[in-house]
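Trainee: This is what each chain is made of:
There are 2 protein chains.
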Amino acid sequence: MLIDVFPTAAGAEPELLAGKTVLIIDVLRATSTITTALANEAAGVLPVLTIAEAKEAAATFAPGTFLLGGERKALKIPGFDLDNSPRQYSKGIVAGKTIIITTTNGTVAIKQALPAAALLIASFLNARAAAREAWKIGTDIYLLCAGTRNRFSLDDAACAGMLVYYLQELEPEARLGDLAFTLRHLYLAYQKDLPHLISHASHYQRLVALGLEADIAYCLQQNIYDIVPRWDKRQNLIVL
Amino acid sequence: MLIDVFPTAAGAEPELLAGKTVLIIDVLRATSTITTALANEAAGVLPVLTIAEAKEAAATFAPGTFLLGGERKALKIPGFDLDNSPRQYSKGIVAGKTIIITTTNGTVAIKQALPAAALLIASFLNARAAAREAWKIGTDIYLLCAGTRNRFSLDDAACAGMLVYYLQELEPEARLGDLAFTLRHLYLAYQKDLPHLISHASHYQRLVALGLEADIAYCLQQNIYDIVPRWDKRQNLIVL
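These protein sequences, in sequence, are chains A and B. The first sequence begins at 1 in my numbering and counts up one residue at a time. The second sequence begins at 1 in my numbering and counts up one residue at a time.
Okay, chain A solo, but in the shape it has when bound:
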């Protein structure tokens, strides 16, 4: 079993992902938000690339059965129901609803990975469950970091390192690609103080400047959910 990491969606050519298990990581905040929405009993999450696409998709749902969520420049999109803050996706708001979501980095990474044999959603919130689920499938595993505007992002990298660490616990003989090796090392060096590590991320600093510290604190909680959202090819939807 090979375990490797792509630092951004751009480098992950669809043909490389075909036949593999892909874990999508966008810690701040898309994959944390999707995980939270499904933990809180959303019916499913439909990732789309553009605002226009989100509105088109919405037109195919009956009123009251969906919510529009996501962000541009980390802020709520005009006319949308929810932004990209996982703390907004509470049970009272999302239970039973389909969430149509578009974000700058995370939904791009998800769309890029649709050719994968299995596509799972990972974050610190569900890292242990996501690693276990990916490992059970038994194929090579690629961790696809969403990154920030097509650049390597320390928050996603730290989570990838944690996932590599968990995966290697499950499969000690797994071969680690170069970035998997590097990020496992980074995670081990900082595992006792991940908030300190992630405070160096430029994306972190941007969110703090927008007053989103509470979101960051929420997203850095480890293994609070034992669920793994996955792309369902038949439903064309992320579900549990």
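In case anyone wonders, no lab produced these hints; they're calculated from the structure. There may be inaccurate statements among the hints.
[Unchecked claim] Computed far set for chain B versus chain A, every beta-carbon distance over 12 Å:
(1) E41
(2) Q88
(3) A117
(4) R151
(5) A158
(6) Q235
[Said to hold, decoys possible] Now the in silico label distances, taken between C-beta atoms and shown as ranges:
(7) A:L114 x B:E56: 40 to 46 Å
(8) B:T50 x A:R206: 36 to 42 Å
(9) A:E171 x B:R72: 31 to 37 Å
(10) B:I227 x A:P172: 42 to 48 Å
(11) B:A189 x A:L170: 23 to 29 Å
Ideal Cβ positions, reconstructed from N, Cα and C, are used throughout, including at glycine.
Please build the complex by placing chain B on the supplied structure of chain A, with the hints as guidance.
Mentor: Chain B in isolation, oriented as in the chain A frame:
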């Protein structure tokens, strides 16, 4: 001053590099070879993308004034004078000659970075000199790893980490981008045993399988040259 790292050429959009100082890193082996060629008094190095382009360029030089070098799949190109082994670029062979070179990763990265305000060639062989030279220019500095077939490569990453470390010694207040932070950390963890770190690189393993251990040992020597090859926009050539 911002210091950051691109893991591969693909992620480094030319508009991001414009106005910056860019250090190109392809430890195994292109930037080690270019540095060696110029240390051994080659007149200049002309990087080209394709074999056809190399032959076209050669036709513009007088016989005996140039050499064709490079690799495909790590091996010598049929009809070329030299492969991509830095140990072939000895003074007796290269002095006074222009080297026309095409490689799988390194020359691609160099071509990608031509919009940079200053483009310097770095390797373990000349890392300290390259860091100093880049720092003296005073702009933001991007380290552009060639990577291996568009993937993050541990050999280049380790050298990038060393360069970040040297640069931060020179400019303690420099802001480190996310990957610069990560790789400085990796370098510091392994600085006493870089060969061990780099033995984990999949590119290393490919070169060992081809019997190129002596090239690797050569390329991992630190700071044996106090020179910094740079792209000269007027001459369209890498020179000292």
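Trainee: Confirm or reject each hint.
Mentor: Hint-by-hint comparison with the structure:
1. E41: Non-interface label stands for E41 of chain B: nearest chain A Cβ at 34 Å, farther than 12 Å.
2. Q88: holds, 27 Å
3. A117: holds, 20 Å
4. R151: At roughly 7 Å from the nearest Cβ of chain A, R151 of chain B sits no farther out than 12 Å, so the non-interface label is violated.
5. A158: At about 9 Å from chain A, A158 of chain B fails to clear the 12 Å cut-off, so the statement is violated.
6. Q235: About 33 Å separates Q235 of chain B from the closest Cβ of chain A, which puts it past 12 Å; holds.
7. A:L114 x B:E56: 40 to 46 Å: Since L114 of chain A and E56 of chain B have Cβ atoms about 41 Å apart, the given range 40 to 46 Å holds.
8. B:T50 x A:R206: 36 to 42 Å: The hint (36 to 42 Å, Cβ to Cβ) holds, given that T50 of chain B and R206 of chain A are roughly 40 Å apart.
9. A:E171 x B:R72: 31 to 37 Å: holds, 34 Å
10. B:I227 x A:P172: 42 to 48 Å: At 45 Å between Cβs, range holds.
11. B:A189 x A:L170: 23 to 29 Å: holds, 24 Å
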